[in-house]
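Undergrad: Here is how the chains run, residue by residue.
There are 2 protein chains.
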Amino acid sequence: MYRTVTCGELRLADVAKTVTLAGWVQRIRKMGGMTFIDLRDRYGITQLAFNQGTEAFEQANNLGREYVLQVVGKVIERQSKNPQLPTGEIEIEVNQLTILNPALTPPFTIEDESDGGDDLRMKYRYLDLRRSCVRKNLELRHKMAFEVRRYLDEQGFLEVETPVLVNSTPEGARDFVVPSRMNPGMFYALPQSPQTLKQLLMVSGFDRYFQIVKCFRDEDLRADRQPEFTQIDCEMSFVEQEDILQMFEGMSRHLFKAILNIDLPALPRMTWADAMKYYGSDKPDTRFGMTFVELQDIFHAAEAQKAEEERFSVFANAAYIGGICAKGCATYTRKQLDALTEFVRRPQIGAKGLVYARVEEEGTVKSSVDKFYTQDVLQSIAKAMQAEKGDLILILSGDDAMRTRKQLSELRLEMGRQLGLRDPKKFSCLWVIDFPMYEWSDEENRLMAMHHPFTSPKPEDIPLLDTNPAAVRANAYDMVINGVEVGGGSIRIHDAKLQEKIFEILGFTPEQAQAKFGFLMNAFKYGAPPHGGLAYGLDRFVSLFAGLDSIRDCIAFPKNNQGKDVMLGAPGPVDQIQLDELQIDIRKQSQTQL
Amino acid sequence: MYRTVTCGELRLADVAKTVTLAGWVQRIRKMGGMTFIDLRDRYGITQLAFNQGTEAFEQANNLGREYVLQVVGKVIERQSKNPQLPTGEIEIEVNQLTILNPALTPPFTIEDESDGGDDLRMKYRYLDLRRSCVRKNLELRHKMAFEVRRYLDEQGFLEVETPVLVNSTPEGARDFVVPSRMNPGMFYALPQSPQTLKQLLMVSGFDRYFQIVKCFRDEDLRADRQPEFTQIDCEMSFVEQEDILQMFEGMSRHLFKAILNIDLPALPRMTWADAMKYYGSDKPDTRFGMTFVELQDIFHAAEAQKAEEERFSVFANAAYIGGICAKGCATYTRKQLDALTEFVRRPQIGAKGLVYARVEEEGTVKSSVDKFYTQDVLQSIAKAMQAEKGDLILILSGDDAMRTRKQLSELRLEMGRQLGLRDPKKFSCLWVIDFPMYEWSDEENRLMAMHHPFTSPKPEDIPLLDTNPAAVRANAYDMVINGVEVGGGSIRIHDAKLQEKIFEILGFTPEQAQAKFGFLMNAFKYGAPPHGGLAYGLDRFVSLFAGLDSIRDCIAFPKNNQGKDVMLGAPGPVDQIQLDELQIDIRKQSQTQL
Chain A
27 MYRTVTCGEL
37 RLADVAKTVT
47 LAGWVQRIRK
57 MGGMTFIDLR
67 DRYGITQLAF
77 NQGTEAFEQA
87 NNLGREYVLQ
97 VVGKVIERQS
107 KNPQLPTGEI
117 EIEVNQLTIL
127 NPALTPPFTI
137 EDESDGGDDL
147 RMKYRYLDLR
157 RSCVRKNLEL
167 RHKMAFEVRR
177 YLDEQGFLEV
187 ETPVLVNSTP
197 EGARDFVVPS
207 RMNPGMFYAL
217 PQSPQTLKQL
227 LMVSGFDRYF
237 QIVKCFRDED
247 LRADRQPEFT
257 QIDCEMSFVE
267 QEDILQMFEG
277 MSRHLFKAIL
287 NIDLPALPRM
297 TWADAMKYYG
307 SDKPDTRFGM
317 TFVELQDIFH
327 AAEAQKAEEE
337 RFSVFANAAY
347 IGGICAKGCA
357 TYTRKQLDAL
367 TEFVRRPQIG
377 AKGLVYARVE
387 EEGTVKSSVD
397 KFYTQDVLQS
407 IAKAMQAEKG
417 DLILILSGDD
427 AMRTRKQLSE
437 LRLEMGRQLG
447 LRDPKKFSCL
457 WVIDFPMYEW
467 SDEENRLMAM
477 HHPFTSPKPE
487 DIPLLDTNPA
497 AVRANAYDMV
507 INGVEVGGGS
517 IRIHDAKLQE
527 KIFEILGFTP
537 EQAQAKFGFL
547 MNAFKYGAPP
557 HGGLAYGLDR
567 FVSLFAGLDS
577 IRDCIAFPKN
587 NQGKDVMLGA
597 PGPVDQIQLD
607 ELQIDIRKQS
617 QTQL
Chain B
27 MYRTVTCGEL
37 RLADVAKTVT
47 LAGWVQRIRK
57 MGGMTFIDLR
67 DRYGITQLAF
77 NQGTEAFEQA
87 NNLGREYVLQ
97 VVGKVIERQS
107 KNPQLPTGEI
117 EIEVNQLTIL
127 NPALTPPFTI
137 EDESDGGDDL
147 RMKYRYLDLR
157 RSCVRKNLEL
167 RHKMAFEVRR
177 YLDEQGFLEV
187 ETPVLVNSTP
197 EGARDFVVPS
207 RMNPGMFYAL
217 PQSPQTLKQL
227 LMVSGFDRYF
237 QIVKCFRDED
247 LRADRQPEFT
257 QIDCEMSFVE
267 QEDILQMFEG
277 MSRHLFKAIL
287 NIDLPALPRM
297 TWADAMKYYG
307 SDKPDTRFGM
317 TFVELQDIFH
327 AAEAQKAEEE
337 RFSVFANAAY
347 IGGICAKGCA
357 TYTRKQLDAL
367 TEFVRRPQIG
377 AKGLVYARVE
387 EEGTVKSSVD
397 KFYTQDVLQS
407 IAKAMQAEKG
417 DLILILSGDD
427 AMRTRKQLSE
437 LRLEMGRQLG
447 LRDPKKFSCL
457 WVIDFPMYEW
467 SDEENRLMAM
477 HHPFTSPKPE
487 DIPLLDTNPA
497 AVRANAYDMV
507 INGVEVGGGS
517 IRIHDAKLQE
527 KIFEILGFTP
537 EQAQAKFGFL
547 MNAFKYGAPP
557 HGGLAYGLDR
567 FVSLFAGLDS
577 IRDCIAFPKN
587 NQGKDVMLGA
597 PGPVDQIQLD
607 ELQIDIRKQS
617 QTQL
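Heads up: the protein sequence lines correspond to chains A and B, in order. Position 70 (the first sequence) corresponds to 96 in the working numbering; numbering is contiguous. Position 323 (the second sequence) corresponds to 349 in the working numbering; numbering is contiguous.
Mixed in with the good hints there might be a few duds.
[As the list claims (entries may be wrong)] 27 Å max Cα-Cα, derived DSS-like pairs, lysine-lysine:
(1) K484(B) / K523(B)
(2) K169(A) / K283(B)
(3) K169(B) / K283(A)
(4) K452(B) / K162(B)
(5) K169(B) / K240(A)
(6) K149(A) / K542(B)
[Claimed, not checked] Listing some non-contacts, in silico: residues in chain A with all C-beta distances to chain B over 10 Å:
(7) A39
(8) L111
(9) S140
(10) D289
(11) I324
(12) K397
(13) D425
(14) P536
(15) D575
[Stated by the list, open to error] Residues from chain A shown here face chain B by an in silico Cβ test under 10 Å; the list is partial:
(16) Y93
(17) P128
(18) D154
(19) A171
(20) D179
(21) L184
(22) E185
(23) L191
(24) F213
(25) L226
(26) G231
(27) K240
(28) L247
(29) F550
(30) A582
(31) G589
Keep in mind that the hints were calculated from the coordinates and are not lab data. All C-beta atoms in this analysis are idealised placements derived from N, C-alpha and C, irrespective of residue type, glycine included.
Chain A extracted, bound-state conformation:
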């Protein structure tokens, strides 16, 4: 070893010891007859002191940032201690300095607040990773993955590696494909998830399976998506929904305790219908209230009292009118209210306008629609909203209840942000259950499986499959933390007849079903146990624990929005000889783009 101790471990008790340290130059300070160097490694920072007149002093004065050093010296007590630093009570009086490697000046500062822009830091990601704020995210990731494994191992789960070179999956996102040299013209696909394989492992009797596994989706990328991402993938046999919820509530509780030392209370369960009704989202941020109140009955009753020409047409014709109450925000200025109106009118949100009402100090309600409604009506609204003096009521309306709820959800989240109610250090965790089996696809003009076609319906809703399939609820569940869906899954169908009916409702003929899903259906004929499972997005789970906005910061070498790793230069061109071996050609039009 090039060192006897790390840069993070020396304390006052070590004074007078002779030690050898190795690390990087974080900072050099020259102060008269002394030079001080902060030496950094993964474990911390230790101050080195060099006295004028020594050889080491001369060497130290010629070093640059990020040089790699080995020093031998004596631990001494510092004169001016640094309480911010675990090693802040001591320093090293250096006798001997060896430059293990010089360093060019890095293109940005290696500090928590760096002067490097995103692109530059990504190009030199290996330097960006030296910043302790970035490294800590990856340390957290290691620890979370390890604790997940520890918990699941203790619960009898087996981690089974499933293949990366698989077959193309029907009904999913776009696959990445890999041309096969040994089987020209044929392609492997990279798995979007090991869903099929984990169900096969249940058919095999593995009973409890998990895997922390890379998955791949060739989609156009958004800020929180990566072409490759990591799932904690789990499946259990001979279970019902309650067993899964208990098992993985236990896992979350273990993680919160082991990593953050937080005692997570029992997870509340909210039906999908309630989540949509009160939060306008299937992943409600329950760190704060501000739940929706439906106001269409009050407004429609008021409109019914009025003559046609006096009606407020926006509300009079709206299928849905919903409000949220922002506590203490009656002081919002015109400018702030205009900004909120602009916010909901953004194309990504798409509301037509925003109605507000303030509860004034003397108890009257002042609203942007004063001229359409009596104070009585406005008071009823305030009462329905449980609004008190000083509160601000924000109201959206629309013809499509679901769409309007989603708009109101965005407004609610924005108000939560403005009011500081979304503290990343506070956690609110819940299960959203009873998802619908199907959602209507305008694009495909048919019902689509909301989760996937192997998800089982609630037994009590099975009769509805024949009469009103859109109303059927699934044994499907999501774990939601702070408005983020960290995991989700379902109890699968293990009954062949029920599976056939589900395919029928999805619009597949028996032949189409066989062509698309025959492989798994055949396996099920050989004795499939009742089973179910779920998968967590590890990247999101870690980001959440780290309080990050983007999953990118908890991935060592992430890709940018064009799917590029600018550090590695991937993707890149390949040799003609490789194309010849694979018997494929790149089309000319794309070659000219190169």
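Chain B: place on chain A using the hints.
TA: Okay, now just chain B, sitting in the frame of chain A:
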């Protein structure tokens, strides 16, 4: 849960309890008024007893193999106990039977000794995995991976996930490539190993990294190779070779103890030169001796005494003559000896012939080359070989010492096999160290890096780089168990000047070196610490612990020799729309092959 207990846990102490079990029908036996069913799950087998006259009895008589059942019954003591079975003292008197799923008759028997051939079992791998001998390998794999993580975590290693979609690596095996839709004409490559990325993580100051990670090589497959395989990949900073050897010897010791309850003694270290000299292999099977003795001096001296025409030309002109002594094999028949001669003459081995000598009971040596040598010479041979009465000496010779040693190594392993000296339950573990830096490539007509071009030379051999590079030894090491290289690695070069010299010796101009390895060399300019590491092949490591001949049996869903997963049907065709999106074409000649 569909059960209160598993099929592996009931004992005599549980008698009189009412339990619910779920699992698969392993076997049905009808005996007069009773029917017995062996119910199987991952945890074991429990006998179910059905009494004539009950409803459950009628149901039980109509079940088939592999039906999935749920039963409720009372635990009773068995009349005829089965000591082979952990649950063999009890059975369940079944009151209630529910068929959770029927099953088609499986295409082969779900027994340790199955009647299914390899191809059939691979096509129905999900049924093959029900066989407890196969499942146990995957349980072992889970346990080994978990214990590796536990050990490395305790030693301060961080598991960091590196990307799967990377860039093509120079100087390796053939890459699998993935066309990029977002960057038409460009390709990602799947990593052959995270070598470059783990070295970058050292530049980043991660200090101790590991990852259990999938790697990919598009090579023509042999029995013990798979296109995707799993590495335990490790790297450390501020270390010398001794630190790495200690750390990973510790890991092996932990695994042997935790998994097999074996106290592994300190690992012997053998230089590569000695391994070649005494075993003819850089991965010697040291479970048995039978080490090589070089005999050219004795034979050449004998030849020198003789007239030209009386010489045994085969030995007289051989650059290398080596023998092994097979204890107690003087009784080998002519037929056995002929078979050994045939063995070494096989094209895969390529020896021209085999010379043998027996030490007879009365002490004389009888040899296949009696007519060329006096009894005195033969006695000297026997003495050099430390052969005793009843032993058999087997001798190979050739012009190329290395090639002949490799042939003799194959013969030694075959004799070890015949003599039962290669017990898979016995383990002999060692380090092979001091590998040469370079090996000559006839194909490339230049020296090639034996490990990879970032491997550092032994400091004391650096002067030889200028005078005799082929003699330079590397800081490279392999861990060998029972003749299998389970892991290997090296201390890397962190000095830019030394790296340049190494590239020069490998025949690269500075421009070529920059083009091929510039990416990592540039990173090294920003302060690279001394570092080194190694990687284990997890598949091989598990096979070894499981006593398997092939790595295939410890992989859940392996591919066959054509790189196909016959169960999944991968690789397969892709839609034209996907090719259009990727802007690639399959060549016509390969399309006609489809």
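Undergrad: It remains to establish, for every hint, whether it holds in the given structure.
TA: Evaluation of the provided hints:
| no. | hint | verdict |
| --- | --- | --- |
| 1 | K484(B) / K523(B) | holds, 15 Å |
| 2 | K169(A) / K283(B) | holds, 25 Å |
| 3 | K169(B) / K283(A) | holds, 25 Å |
| 4 | K452(B) / K162(B) | holds, 19 Å |
| 5 | K169(B) / K240(A) | holds, 20 Å |
| 6 | K149(A) / K542(B) | holds, 18 Å |
| 7 | A39 | holds, 21 Å |
| 8 | L111 | holds, 17 Å |
| 9 | S140 | holds, 14 Å |
| 10 | D289 | holds, 24 Å |
| 11 | I324 | holds, 48 Å |
| 12 | K397 | holds, 53 Å |
| 13 | D425 | holds, 36 Å |
| 14 | P536 | holds, 18 Å |
| 15 | D575 | holds, 20 Å |
| 16 | Y93 | holds, 6 Å |
| 17 | P128 | holds, 7 Å |
| 18 | D154 | holds, 8 Å |
| 19 | A171 | holds, 6 Å |
| 20 | D179 | holds, 6 Å |
| 21 | L184 | holds, 4 Å |
| 22 | E185 | holds, 5 Å |
| 23 | L191 | holds, 6 Å |
| 24 | F213 | holds, 5 Å |
| 25 | L226 | holds, 4 Å |
| 26 | G231 | holds, 5 Å |
| 27 | K240 | holds, 5 Å |
| 28 | L247 | holds, 8 Å |
| 29 | F550 | holds, 8 Å |
| 30 | A582 | holds, 5 Å |
| 31 | G589 | holds, 5 Å |
The structure agrees with every numbered hint stated previously.
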